[in-house]
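Trainee: This is what each chain is made of:
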Amino acid sequence: DEVPLMEDVDEEGYGFYAVRKAEYDDTPETAKKEAEKLYYPSVTSVNAEEKAKILHDKQPRFLEDEGFYVGTRPKISGWNVNKMENRLIKELHREKWFGEDGRMIVLPNPLRPTPSRPPIPEEQEPGLEVQYRKAIMHEFDSRYIDGSLDNAGYYQLDVDINSLSFSHHHLFSREHVLATRLSQLYEEYMDRQKKNMAEYLSEKLKALKLSAVHLKDHMAAKKSEHNYADRSNFQKRLQDYKDEIRRARALRDKEEKTDRLLLKAIIKTWKDIKQQREKQKFINTPLKLQVITEETNKEFDLTQWKLEIEDELEEMEEEATEIYNRKKTEYEEALKKHAEQVKAKEDARVRIHKRSRKQSTKGSRASLGSKASKHSAENEPNPEEEAKDQEILNEPEIEIPDKPEEFNKEQARKDIIAKAKEIRRRPGEPKLYPEVTSTQPITEASKCPRGEQQRRNDVSKCEMFLKVLFNNKEVSRTSSKPLTQEFKLNFGQIFSLKIVQWPESITYQVYETSGFGGEIICEINSSIPDSSVTSQSVQLENLDFSSDHRVNHGHEGVGSGVPFSFGAKNEGTETLYTTGELRCSVAWAINDQGELLVPPSTQEQGNMFYAMRKMDPVTAIGAAGVVDIQKLAKWFEDSRLDPNDPANADLVYMLKSKGGESALLGPKEFFRLEQLQEEFNFCDDEAIDENKRFRLIYLRDSEVTEFKNYKMIPLLDRDIPRDTFAEYEKKKREEEKYKEEKDIESHRAAVSKFMQRVREQVIRRFRLLAHQRRLEDVINEEAVPNIALLGTSVLKLTERRRPLRVERKERKKVVPQTIDNVKILININRAVYVPRRVAASRGGAMTAREPDKAVKNIVGETQVQPFIEVMFQDVFLHTEVGDGPNPSYNEELEMPFKAPNEDYTPGNLQTVTDNIYLNLFDQVLIDIQEDDRQRGTTVHQRIEKKWLGGLTIPFSTVYFNGKIDGTFKLNKPPVLLGYTQGPDEEEGTSLRSNEENTYLSVFMTIEPPLQPPEPMRERFATTEDEKLLQYADNWEKTLNAKFSDREYKTTVIDVNGKTVFVTRYFKALEPPPDIFGSSDTEVKKMEVVARYVSMIPSVSDSVVFPGLCDIWSTCDQFLQMMAGDEEEHAVLLANYFLYMKKITWLIIGKGIPEGPTAYVMTEQENDYWIWNAGTGEHFSYRDSYCPLQSISCLINAENIWANVQQYEKPAQMNFDLSQGASWRSFFTRSFPNTGIASYQPERLYYKPTNKNAVLDLQEKIETLLKNKIMEWRSRLITRWNRHCTQIMRKLLPVLEENLGHSPGEQHLAELESTFSAYKVSGFPINMPYNEINPIVDAVFSTRVHAHDTSDVEFALAVYIHPYPNDVLSVWVYVASLIRSR
Amino acid sequence: MSQSSVFLLMVGGQIESAEFPDFDDIYCKYCFTFGPDWLVTSGLDEGLTQVTKKSRDDRQQFVWNFPLDITFKTTNPFGWPQLIVHAYGIDAFGTDVVRGYGVTHVPITPGRHKIRIPMFVPESSSQLQKLTAWILGRRPEYVDVRVLAQGEGREVTRVRSQGFLTVSFNVVMKDMKKLGYDVIPSEMSTSVIPESVGPNSGGTTET
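Protein chains in written order, with the numbering used here: chain A, 1 to 1381; chain B, 1382 to 1588.
Okay, chain A solo, but in the shape it has when bound:
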């Protein structure tokens, strides 16, 4: 390796790399250049010359010496300072770097020499302490704008109080009173002058008259041209004009009159003032009236005057004539009517008179004879007529109106003139214009009399202020101001009120203070401003006020509420009350940003509007609060706004139509999230549904079982096989069909629907979880080693390589990809206590023997020849035929196993519902030799199989447990005709007596071992207490560390996929009351209950919820679903026992053949009974054939006890739960049970089973089975023995009553004696009812039908015993009868 690979490459050549010395240009030129560019700042101090230059040759000035404070300079080494100074001195603006003392400017070090922090006191200051208070519910108060005091909004009202002026005050002097009056009058006058109504009205009058004249002329001129309608129209208009003129005149007259009166009043008041001033000899008020006179032309006036009067007169006359004419016609009509009436009345009177006379004559005649009666009938006075006449008489008399008077022209003229004189300026009278000025000098106080001086004094002493009340609470008050001599106060103050409550009232109170104390004069109410009134737009308004305050003065002041007079000359007195005017305003404030501080108009919509205000174009254009977009759109259309106008862009945008058609501006009605989604869709959903390929892909993706592992989905639609969906759709249809089938299985249908729903829900949840992965699922990482782990690894080092004691090695689990050829290995060891053929079989007919193999008993006959047949997935295998009641096989059978879809993943395998059936048969050889002569040379026999018992093991059990090993009890019919089980008389010695059951020793496993499903990660949602769950976790962990193979259960999953604490499942629940029947003893009752529970069909969790195990449903759900596995059965049974006041626990443990399972344990006297809820059997805990193999914990409502004993087999255990060494309880004194409420319903409701439906079902099953048997024997004739069937029908209910136990010898004997002529072999099968198919399968697996001969008769009876809530116990009695020869 030392030799270089490429030798021809020399050092300096073109090799990959070469090593040389770094080049350095060391010429004097470089040095020169460097000297130009570089310098080294010296470390010596800057020389004095340079320094002096910097200081401009001034003497350095040391501020410190002059007494100024200069900070301490930071400590820097002298060299560094010098270096820096040297550097800086070369700078361009070097002066600024140096101070007056010639040194570098340096800031004092801002840092402290030692780090420190502010002291933090140990105890908090008492004032700053935080105290805990409970949260207070704040009552919603509608008075507050935002609902509460600490609101978010900021609302402000500005109250502007400008000035106050009195129109009367108790300190007014008499002159003041008059002056005020004058000024008021003058004000009014000025007001009227401004409006000038009189002038306006006379103008109007003139115009009206002119139009009327025009119209009249027009009418006269065009009279011929107009038709009637036009004419009446014009007539009407003319009339309108006339009315208008009349009205206008009346108004003008009134106005003129007021004007004139006002003028008169002004002059009169002024006269009064002058009088008053004269009288009191001083002047108090500055008022002064000047009357300007304007001379007028008398003649013009006069003509004007006359014209006016004539006009009016004419008009009046016209009107009067009209009225007169109208009245006159009325009058005449009335007269006419009156005359008629009088006449009619007269007539009537005459008629009545006549009739009465006639009546009287007729009455006298009537007595003469009936002959005249006919005649008289004709003359009979008609009652109708009479009534009419009477009516006419009774009519009220028509009143005759007064005769209208004619218009009196002279009188009218006089009236008009009188009126005109009153209200109008007479001709030649000058026009008067009053003018009030305040130029009159006021007499000085010193010159006034004493009373006046006092008054003035009082006035100047008087001060006033205002309080502002908001919602009747004082919020602010003005400063108090002195009253001026003019009785005016100027405040000019603006108060800003920040409000939190809705404004209800704003009130001002006027207070007067003279000397001490205030006195309320009056209250003034202001209105709440509209939300549009802002402080910028508001105008001051005058609020009048008055007070009934009573004040009397001894001086010149007139007082208030007190009568006073103006002196001797003025008759009468006057009483005035304090009145005045306040100039003020209230408005909403605007803040600096120009936002209005108004609360939202109403509570509900308010905030929304406020937020919208900024972006809403509608509010932007000023229509506040418009929400009805429809209306807005309509308005937009109606008002024909230009949609292209940029000014309307906002509106158009808002109203933009859906279709983009700008003509149809409609509001948008929806909001879309993914508005572009549609454009990116390849096709719509419908197309996907219709397309077979898409559908297939979709179903595969959603992991539907049938398509989960579908490979190679064809690209083209036509390549997809037509029957792809057939199965799936059939399944769907079946689900549908369940719903339709009403007759018998309505309940079952409902249940299956419910199941389906629960299942789908759970599966969905599970799928979601399965796709959530944790770090452990993705990454393989070493756990952090702890001491124990380190210890074991250290120990491992010392371990022997080849230990003498061989340990079983775990078989390696196979990864699912590489699997094919999976087998189930079934090792059948032996069977014990097989029933023997009864003595009757020793008859001549049965020659069951196989000379070379069979071991004969002493008599030379075989007792039984049993063999085991295994059926799985329609494959049959069987062992060799054994001999005798205790055969030994030691055979291994290999059952091929095929997973659906060839998918061996755990997820798929746990959905396999196939069962492994192990059936024990007796092989009977029947000699059918016809001819005795050939017996020596030929063997002619028929093999018959007699079913003796069976065992069903679900595949899932084998799969989950990996292996099954043990001795199992066979399910044996209670009655087995032709066989006996009792003690063997002949052998007698070897068998234990009274053994009723047959047992089978089997070992089963799967080869190669399949990966079991991973235990469900329990990461479900929960409503349990976090602390409890944590404790439970710990508890489980510590126990599992010791006993890893015992299962300690604290939490389970309910059907909603939630974690529930296990003790919640226990609660005393009442069993259906009518199942007990005649059962009297306690034990019997318990057995009945157990039987009821066992008759509820059993379905493994993993089948119901593939991929999910350990789901516990509550008892009501269980009863509703009518299916559940061991836990549900056990929980229900335990709850029933609790109701029966039994001491009961639920056992979590392992059983055979179920594997991990749940049993129920009850305490009997001196014994503990273990109940298998699935079969209804019970065992003593000492029973060694008890299927329960181990107990890991006991659970009841109060507690959980974990088995911490050495042994776990019930027979070896100690059941004293109080012993801590044997049982560790979950709830202890340190962690007590705080009363966890039960999860079960209050009580269970059982609905009675429909008897008729049950009978129907019974019939249906029987017919079906008979048909099936005939179908299975299609080659041969099947005959039915009715007699036998009858007897069986009778027998079955008895069996049910005996809870499936044998009815006793006597009964059997009866049966056998009946059929002495036959050789009968048959048995009853009992099973819970779930579906029909399992019943058919069960009958088929017994092989009763397998008689390959025609001379056999069959009997079949079906009986269904109905328990409440549709729990059905199905009995099928099937037998074959062969006539004995």
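No lab work stands behind these hints: they were computed from the structure.
Taking lysine to aspartate or glutamate and the EDC-like style, the derived pairs with C-alpha atoms no more than 20 Å apart in a straight line are:
(1) 945/A / 927/A
(2) 1266/A / 1256/A
(3) 421/A / 199/A
(4) 204/A / 259/A
(5) 711/A / 902/A
(6) 1511/B / 777/A
(7) 431/A / 188/A
(8) 1511/B / 776/A
(9) 194/A / 259/A
(10) 1037/A / 1024/A
(11) 419/A / 255/A
(12) 1454/B / 719/A
(13) 711/A / 1426/B
(14) 1454/B / 717/A
(15) 1558/B / 719/A
(16) 1559/B / 719/A
(17) 1558/B / 717/A
(18) 708/A / 1533/B
(19) 1555/B / 719/A
(20) 1559/B / 717/A
(21) 1511/B / 782/A
Partial pick of chain A residues on the chain B-facing surface, computed with a CB cut under 8 Å:
(22) 709
(23) 773
(24) 774
(25) 775
(26) 777
(27) 778
(28) 779
(29) 780
(30) 781
(31) 782
Keep in mind that this is a model prediction, so the values were computed, not measured. Note that the Cβ used here is the ideal one computed from N, Cα and C, for glycine as well.
For chain A, the structure is supplied; the task is to place chain B on it using the hints.
Mentor: Below, chain B alone, put in the same frame as chain A:
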């Protein structure tokens, strides 16, 4: 099932080289993952390369030149094959540790492609575990490398980059266009081979 609607994808190529600074003695495992509609008709979908040492020049490269050759048959482009490469090496204590995972899709256009795959390893979940992993030589690894080919479950992992690996692919497709999948620009697919090229063209230069 009808075979007419199937197209073929033939992938040849090499796992050429890699850069893993600071490491030596590295070998690779590779596997192809593909969707449910894909089928391997020939070739190996998993393999293991030889151990290679760093080149002793300044490129510091690991060269394998390990051939890949596999042919797929499929009905759907969904689940297009991906190549997952995971490299392992021997650490200072002589234990085998993972040096990097990388994944790439097989190119979807025919022709020659050279792809440089960034390689990464999962990080330990804590500092303590990092230390123990280093001491014991048991670094965190993916339970199933196929996770890399999917999005699911990746969010729980934290990874660190370790180097690069170069793979070259020669991709040939059959019947893809026939089934309506156009993967190459039209000017390329319709290009005509100039007629003058070929042995016959030499004939004119006879004289």
